[in-house]
Amino acid sequence: MAALSEIETAPRDRLSRARALHWGLAGAFGLACIVSLQVGATNVTLLAMLAKLAQGEALSQMERVVLFDIRLPRLAMGMLVGAALAVSGAAMQGLFRNPLADPGIVGVGAGAGLGAILAIVLGGLLPAAMIDLIGNQLVPVAAFLGGWGSTLLLYRVSTRHGSTSVATMLLAGIALGALAGALSGILVYMADDRQLRDLTFWGLGSLAGASWAKVISAGPLIGLSIGAALMLGRGLNGLALGEATAAHIGIDVQRMKSIAILAVAGATGAAVAVSGGIGFIGIVVPHLLRLASGPDHRTLLLNSALLGAILLVLADVIARVVIAPAELPIGIVTAVLGAPVFLWILLKRRGLVEK
Amino acid sequence: MSLIAEDIRVSYGRRTALRGVSLTARPGEVTAIVGPNGSGKSTLLGAITASLPFDGAVTLNGRDIGAMKPWELAAQRAVLPQASRLAFPFTVIEVVRLGLQSGTAGDSPDVPMRALARVGLAHYADRIFQELSGGEAQRVMLARVLAQVWTPVADGQPRWLLLDEPVSSLDIAHQLQVMDIARSFARAGGGVIAVMHDLNLTALFADRVAVLAEGQCLAFGTPGEVLTDDILSRAYGCALRVSAPPPADIPYILPHAATA
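Going down the list, the sequences are from chains A and B.
To convert, note that position 334 of the first sequence is 334 in the working numbering; the numbers rise steadily by one, no gaps.
Just remember that the working numbering sits 1000 ahead of the position in the second sequence, which is counted from 1.
Isolated chain A (complex conformation) (with noise of 0.2 Å):
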């Protein structure tokens, strides 16, 4: 038996790792909002505006405009979604004790959406003191309810005895996902002009119509979401041993779960509620800082919202500028960078989802 006194090195510290990845990503994310801030389909740029303020001159009225009401916004709106979706994905992928799960694919997303399209077409049939209660929240907290139920529908199909099947998690998922398309596209023909052309706005999976409006009606839930899944980290880490093993180490394990399934609904729902489909950021990001530095949930949930936000932030730059002055779905952008990653994930790992 070794004594302590033959141990040479001390193991590896991948959790300090993970800690000083916090700062190296903040930096990150700082010089992404620059660049955000710097590009775009008018030449108005962020470092010529702030010499023009150094030297005392005042801003044109396009250049603030483009700043502050098309640039910041989108900003900002860039930064939620990606975060919340990088979280979702996390916490989902330790809920569900598998690196496959991510709410775009197992059709949260797609309940998320159903529960958004449901609060356009149906929402003015409301009783008017609710409306006025919840505002322009409706559309998130509708969204967050879709995502909700198809979470917990989700985790109650594909969990037995505290353990989830992969396979089945994939086909609810994929029964989850047509049928909140079907129940939308009816939706749809029920839908006025006028709600057409939101539905339209909304379901291009953009940042294009970004606003401050919509940053402020996704906001608040998204920062809570997230919030409460940054107090899971311990939690999704003993849940990797299993439930009961979780609850053998002190875990209180239907709270948790509890808690992580209405975070993922939430930041889920309301990233889909503003921006409509985005796909792969939530199973890129924590695989790659996984990669990293190691599975440890207490820094991978901060470390996700991080390099979450950084994604989507340039990839919106890229969908900007590379056939200005057009602009692409930043869907597209993360499918063509993500969707590859997602193979390879697979291939490198077949026996995921076999198990």
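Just so you know, the hints here were simulated from the structure itself, not pulled from any lab data.
Cβ coordinates follow ideal geometry from the N, Cα and C atoms, glycine included.
Possibly wrong hints are sitting among the right ones.
To be verified - So, partial list: chain A residues that the calculated Cβ filter (under 10 Å) puts toward chain B: (1) 15; (2) 98; (3) 99; (4) 212; (5) 247; (6) 248; (7) 326.
As the list claims (entries may be wrong) - Label-pair restraints from in silico Cβ distances: (8) B/1216 to A/231: 50 to 56 Å; (9) A/325 to B/1127: 30 to 36 Å; (10) B/1131 to A/227: 52 to 58 Å; (11) B/1007 to A/160: 25 to 31 Å.
As the list claims (entries may be wrong) - Some chain A residues well away from chain B (every beta-carbon gap over 10 Å; in silico): (12) 11; (13) 94; (14) 183; (15) 217; (16) 240; (17) 251.
Chain A is fixed; fit chain B onto it per the hints.
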């Protein structure tokens, strides 16, 4: 300050797995649960660890486990499951540290490394858990469990190791090592309950043995009282002979050692 299970009944659907089993495990002793496949050994441990719904009562150090919070239970007892699957590529030392997370007082940060050294795997700290062999994985899980209740007595109360077939995938040397760890834990004032398949190891290491058959406790006592031809033959449903070496002054010829 014991672990007392009273009149435990468990049903899976229509099938009754336990029909009223009582068991008292004392600190300072290794209590083994033996019996044939399907006799309810693991189910009994499941009830004692509050992992499954049951009728009856389990008291841990004088408190009903049904009234204790998960973290209160985790501070007083650690559970080694039969098989462990891990979802993400944690390293060995990270897995052992998970055991520390209950945050019990008096545990120092070097406990995980000492626990790994205790099972002889300190040099494996940086390996990825999924790449270990079955036996190595089982010993890492034992280290995690040991780290959770590192001091056998805390705040004047015994802590408990509850082990479900702790040696099932180990070679003979490591079987002895693991059982020795369990016995040392008990000798230091802690309590150990182990579900066992191997009757010889049970005879070697257990202070008290419960023999289960068909969901009932057939016998409970010291190995000498319980591991008899009659009881074992009834429990396992086949004729078994229990042997003991004769006193030292009588010559003894072992027929298996004969050569023609």
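Item checked: Hint numbers contradicted by this structure -> 4, 7, 8, 9, 10, 12, 13, 16, 17
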